[in-house]
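Chemist: Residue numbers (the working numbering), protein chains in the order written: chain A, 1 to 322; chain B, 1 to 278.
Everything labelled a hint here was simulated from the structure, so no lab data went into it.
Stretch-level coverage of chain A by chain B, calculated; a stretch enters the list once three of its residues show a Cβ under 8 Å from a Cβ in chain B:
hint : segment
1    : 53 to 65
2    : 90 to 100
3    : 104 to 118
With a Cα cut of at most 25 Å, we get these calculated BS3-like pairs of lysine-lysine:
hint : chain 1 : residue 1 : chain 2 : residue 2
4    : A       : K236      : B       : K105
5    : A       : K302      : A       : K8
6    : B       : K196      : B       : K221
7    : A       : K249      : A       : K276
8    : A       : K199      : A       : K276
9    : A       : K28       : B       : K132
10   : A       : K236      : A       : K280
11   : B       : K105      : B       : K136
12   : A       : K28       : B       : K136
We put the beta carbon where it would ideally sit given N, CA and C, even for glycine.
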Amino acid sequence: MSIIENIKSRKKVATREGYGTTLVELGKEDNNVVVLDADLAAATRTGVFLESFPDRHINCGIAEANMAGIAAGLAVCGKIPFISSFAMFVAGRAFEQVRNTIGYPHLNVKIGATHAGISVGEDGASHQCNEDIALMRAIPGMTIVNPCDYIEAKAAVRAAYEQDGPFYLRFGRLAVPVLYDEEDYQFELGKGVVLREGKDVSIFATGLCVAETMLAAERLAEDGIDAEVINIHTIKPLDDALVVASASKTGRVFTVEEHSVIGGLGSAVSELLSEKHPIKVTRIGIQDIFGESGPALELLHKYGLDAEGIYQTIKAAVLSNK
Amino acid sequence: MNKLELQKIAVEVRKEIIAATHSAKAGHPGGSLSAADLFTYLYFEELHIDPKRPDMEDRDRFVLSKGHTSPGLYAALAHRGFFPVEDLLQFRHTGHYLQGHPDMKRVPGVDMSTGSLGQGLSTAVGMALAAKMDGKDYRVYAMCGDGEIQEGQIWEAAMFAGHHQLDNLVVIVDHNKLQIDGLVGEVCSPYPIDQKFEAFQFYALTIDGHDFDAMEEAFAKARELKGKPTVIIANTVKGNGVSFMENEPSWHGKAPNDAECEIAMEDLRKAGEALCQS
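Bound conformation, chain A alone (with noise of 0.2 Å):
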């Protein structure tokens, strides 16, 4: 079946379950593979990781900071750790001690941070982190995967084991289209996937954005708007190549994220290709405001960050030749 098939027919899953169920992959390749909790075992899907080795799963309690800062020492000793919260407390809360204590001495650390993103839904702004792609983009050897399914966040979680150095998986609370077959899915770190050819428009898409927007350019095809979907699924270090080839290729730049416009795809695409490619770039994300309580879906009707959302940002665009 196609993609577009698969957003449509399957069954969704959030992409935190993939965190939780590689990690239980991992643990039995190698022993050295631990997961570190705030308390929140049950929600970042480590809990499964805690059935399966009880000795090798530490609950540090509601304490990010110090999870940090244990998944340090642990890794200066030949652990490989995976901390593990919503992104708005690990990459948040604890930004200071992923700057200094993971990211200054490049430790091998793996940052799995779930409900990321405004599809936290119905507990609101203070739980929604939208900053913390911005947040991690600034940490020099920071590694940033945002993935956009279940099979590539599985993908994602081994690539991080796979690399050496301190690596952000960014995860959803929210159920979403699986676009890929586990079989024939090849993750390339590093590397965006063309998901649609186009010549019209490059839209970028990242995370749960990423099936809205192949939804999205079906509906701008019907209006003979041909856009070229692409799938950035690491955000650091960008695949400046196919940004740039793709852009060149249109001449009509988009990105697509759920998170801030600033600081995250939108600003890495438009930092790119100011120096290599000046060309116009609309960041469709979340502007500059905070979010509020509601259920998911509603939310990302209401930021435009569903399907509708985006045809309709990209064709009013293209209409006005804005």
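Based on these hints, arrange chain B on the given structure of chain A.
Modeler: Then chain B, alone, in the frame of chain A:
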């Protein structure tokens, strides 16, 4: 090593603290001097380490959580043979490896990069936990400042260490009573330090942090105490060994100028001479 030899080394460590901060025209002599005897004891007596193999797998680990007192740590490491003593004069110089705060990637013998207060203890706890998970018998030591323990993360780490009964962990609090803005007890009191750690399931020992016999006894006791981590609260004098720096908060993070350096070196030369005659 006998007490007199340790005292002589500690005088040399103090001289290097003065020389390094003077050369850098920056750095933190006060807290380096207060901990100079502790650094000396740790690196010449207590820690199972090998200067020729700084990455030896089962070595004891030391984390300087109060990372700004790197001149004291570097001086002890250099005298112990991890790197040339002459290099200390390049402390904080652009392009040189002796960073203002300990950098494990650049400085041989440094087990963790530190500098942002409150964070080092958590890493030491992680190391102690790793030893327990692997059934290894190396021990982990962390040194905190008495001002540093105002950081909440210290108590997160202490709670975890107590909960996990990490009896292979020793926390040393360099209790010199001063922080940048004045007396620790007046800025924001952490007292009683011993009872706080005891409440977090630690054994607490209080010693004179300039007395090598007391250190020997306390560190030996810490090795014997099982089921809980140990905190050693070391009563010290900030700026110890340099007359005009002692108990002066202004010498927390200021380098001596040429004239001050001369006076300080004279103080230390006399202290060294007195030891030779004893």
